[in-house]
Every structure is written in structure tokens, then in C-alpha cells.
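Asks: Chain by chain, the residues:
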Amino acid sequence: MSKSVLGLYDDANQAADAMDALKAAGFPLGTFDVLTGTPYPEGAFGEHVPQHRLFRFPAFGAIIGFTLALFLTTATQIAYPLVTGGKPILSLFAMLVILYEMSMLSAVISTVVGIVIESRLPNVNPGVYDPRITEGLIGVVITTEDDQADTAIAALNGAGAMEIKQA
Amino acid sequence: MQQRRTIDQIHTNRVLLNGQLDTPKWWAPTVITLGIIVAIGFFLIGIMVNKGLGVTGLSRPVYWGLFITTFVFWVGISHAGIMISAILRLSQAEWRRPVTRAAELLTVFSLLTALMFPLMHAGRPWRIIYYIVPYDFARGIMPNVRSPLIWDPVAISTYLTGSTLFLYIALLPDLGNLRDRTTGWQKAFYTILALGWRGNPRQWKLQTVGGILLSALMLPIFVSVHSIVSWDFAVTPAVEGWHSTIFAPYFVIGAVHSGVSAVVTMMALMRWLWKWEDFIRPEHFDALARLLIVVATGWLAFTFLELIFAVYGLDAPEIELRDMQIFQWPWNLLFVVFVFTGYIIPVGMWLQKSVRNNIALMFWSSLFVNIGMWLERFMIIVPGLARKTPFVYTWEAYRPSGLEWFILFWSLAWVTFLMLLFSRFFPLVPLFEQKESQTFGDSIKIGRARVPAIVREAD
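Residue numbers (numbering that gives the first Met the number 0), protein chains in the order written: chain A, 0 to 166; chain B, 0 to 458.
In silico DSS-like cross-links for lysine-lysine, where the CA-CA straight-line distance does not exceed 30 angstroms:
| # | chain 1 | residue 1 | chain 2 | residue 2 |
| --- | --- | --- | --- | --- |
| 1 | B | Lys204 | A | Lys2 |
| 2 | A | Lys22 | B | Lys204 |
| 3 | A | Lys164 | B | Lys186 |
Derived from the structure by calculation, the hints contain no laboratory data.
Can you make the complete structure from the sequences, with help from the hints?
Replies: Right, here's the structure in full:
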């Protein structure tokens, strides 16, 4: 049975000490995390710097959008082949406008999907949390087995936690 | 950031969430009044749909009038959001923080409003579907992708969808904050919308990187949208004054001028109505006014370039049109008002530091700009159609009806109504951006002076 333990701190240095204490206690990276109400400089708490693959999403989306737009603009002009001024049926300049817009639309939608997925959202079981985190407190949260919970609580308290919550 | 001050997170929450947690007394009566105006507007639109466009002043040869002018006006206003939010985000301008959300919101609601005008203008709105959706496979009739009237809805839909998603992604941390501050049905509402936001380093990193990436994607869309709107006119060789190669950049810079001015108007109202003096400060108006001086001067250059390009060709009808626009009654009066309100008065004011730091004067100068910019669109669209041309026996026939005027003012009420409704449920200033500014802010000593400074991550 796993347990989620949260230590609350009002000082960033204490939160960083708590992260160090958890590392020193042998908890593997990825089992503990820091929660804040505002972005902090990367590595401020000695946390694992998260890697992401967000940049692949817009590229993939743009390719899908471009392909769909190419099909739509080509198919509609061929389906109703209206010759204008002896020009070719497929009007490239006009198609470019639609190709561009649909590629960009698809890139934006896939980027948003990418942000949500890479942020690990939606998170239906967020675990232990405290609303005061969005008021300025810093939370250090760890998910561990029941028999390791006391070690984690000791590490969090050792760094000066003002409160410990468990779920 | 000379005016930076230290504000703790509890105070930031209390003040910036006052619209959601402690609705101001003026909110309900204002929304009800605007709601009545909006309802009357919809009733009049219903009458117009029922009776046809005969209830407007539109007739040959002026078949594009107040509705299309107002459509271009609102598309222009919509350029505020991405101009402010994306460019300032990409350039990491510190003064963007209280401005971005309101600007993005203005984009979304003004685009929604702009989209309604071509629908009304069509007279039979449901027929719009015939040229957007492939509808008649039996006869093989498809949307004509060669027409700018197809490019236009495609571009605007792209911009509207992108802006709405951008707005939502940037709202996620504040939705988490609202979830933490509310109870009952409100908590359930914000819990669903916040998607389980917790504020760990991964989520913050994605918020930052995603914001920059979306800004970079939205910027070219923003340029394309008003370029394509300008091509509604510029690819029409039959109307003098419309068929101009300079229209795309001219429309884009005009849109930025009117859009950023609308953001100034909105910021002044936000500061007064919600009492956000700690967050929306004179320094923000000062920065926006400096930006506007550059944008407005660029726009003025394009205005006169457009005129010079038209006259330089010595094409008689084109010269006659310009003569009519600038020297003949009543167009000459409109032209003077347009130049004075669009540039001379506001820029003359913004050159004074005392004006840039005076919020009331900035408010009024920004209103002047948008009066001028609406007139600019009217002066582009209508005179070219109204001028007498050979073999045409009706001209100068356009007198906007009372209904058209009401719907123009209705659109202002409608956008304000939507903004106020939004403000009841969502914060107009991004709280996490304000808090980030405090976290990254510090003061350093240079010689004997202590000055505010901001830490910036290299990425």
C-alpha cells in the first residue's frame, strides 16, 4: 500500500533542504516532488529537471493539417473544375492560404494537447495537497510504501516542515 | 521596473480574485443594463433577418457599409491579444504581466463579435453555410477556395480557436488557485477546469515553454488574419481605393494600433473598477504609450504611402476618388476627424511624459484612437463604392439606418457584457505571472542607489 506525505514550508531554502534530505534517505528520484504557487528558477529546490517532448507535437500537427488542407483544396477544385481565364484548375496561390492556415491551426491544437499530456494532466488522483500552496507555502510531496512513510516524515520534519499531511 | 513593489501572495490572491470571490456592487446592475441592450440588439437582428436587408441603408452601389466596417474594426481590435501577449512574452518584457490575460480575452471576444457581422450582412445568415461547407455533392458544388471570402473565415476561425486555447492554457494555474479558494459548486467547477493542476516543476516548465511556443505559433497567424481580411478588398479590381498591394501590411499595423489602444482602455477600466492600483500601474501605461507612438507613426506612414501609391499612377478615377475622400463634403470632415483622432491628438498627447503617466488621459487618448480607426475603415470601404462611375445612375446613396447604428453600438455593449461575465468567473490578471514577478524580483545596489532588478533564467 503506498502513501502520500506532504511537508509544508514557508521558506524556499527549507524546501530545498527537505528535497536533499529525501535524496539522502535513499528515496529514488521521481518519487518526490515540490509544489509551488508560482514558477521558481529551474533547479531552485535541487529537483530533477523535467524532460519533455513538447516540440514534437506542433511539427506532427502541422504535417497532419497540411495534408488535410492539401486534400480539401485539391478535391474541391477537381470536383468542380471551373476554368478561369485559361488558368490551371488547381490555383496554387489560393491553395497556399488554406494550406498555411490549416497547418497552423493543427499545429496550435496539437501543441495544446502536447502541453496537457506532457504536464501529466488531467490528473484525476492528485494525492495529498494543501490549498495554502497557492498562497505562498511550498510543499514537498513524496509517494512511498507504508513502511517507508516514517522515514520520509522524519526527513521532512528534519528540514523544518511547519506541517505534515498524509493521505 | 522602477515602480516595483513587494506584494505577498495572500494579498495578490485577495485583490486579484476580488471579481470572483467578492463580486463588486456595481457588477450586477452593469451586467443587467448591458444585458438589456444586448437583448434589444438580438431582437433587432431578428427583425433584420425576418424583413431582409431593406431595413438597412445598404443599396446599390454601396453594398458594403457599417456592418463590414464594424467587422474590420473588431478584427483589428482582436490583434491586441497576440501583439501584446506573444511579442512581449517572447521578448520577456517584464511589464507584460498584468496585461496579457486582458489582451488575450479581448482577442477572443472581439473575434467572436467580428464573426457575427458578416453573418448579419449576408441578410440570410444560414446561407453562409453554402459557401463554407461542401453541401451539394449531387451537383458537385464545393466551396471556392480561390475566393478571399473563403480564406477569411478559415483564417479567423484558426485565430479564434488558437487564441481560445492559448487563453485556457494560460488560465490553468489560476484555475488551480480558484479551486483552492472556493467551496461547493464553485470548487467542483474549478476542479474540473483545472484538470488536477498542482504546480510541480514539470507543470511550470511546460507552462513556460508552452506559452513561448504558442506565442511563436500565434504570431504568424495574427499577421495572416488581417492580411487576409485586407484581401477581401485588395483583390477586387473593380472598386477604386480597394485594389492596393499595400493593404496587407497597412491593415496589420492599423489593427495593432487600434488593438493596443483598446488594451489601454481596458486596463484603465480594470484599474478603476476593481481597484487594482498595486498591479496596473502608471509604468504600464507609460510603456504601452511608448509602444503606441512607434506603431501609430508606422501606421501613419502606411496611410500616406497608400495615398501616394494611388495618386502616383495618375489614374483618373483613382485621383477623383482621393479628391472626394479628402476635399469633398462630407468626406473631408470625416477625413479630418480620422487623421486628428487616429494620430495627431493621441500621439501629441503621448509624447508628454505627464500624459503617459496619467491614466485618465491615457484612457481618453486610447478612445480617440479607436474612433479614428473605425473611421479609417469606413473611409476605405464606403467612398470607393459611393463615388459616381460611368454607366452607374445611382451613387452616394448610402445613409446608414438607425438599426445599423444601433447594432454598431450594440457590438460595444456585447463585448463589454462578455468581458464582465468572464470577470465574474475568471481572473482578468494572471495571478501566477504577478507572483512570478515577485519571486524573481530583487533589488540591487549600484553605487549609492538601490534599484529594482529582475532575475531572468537563461534557456
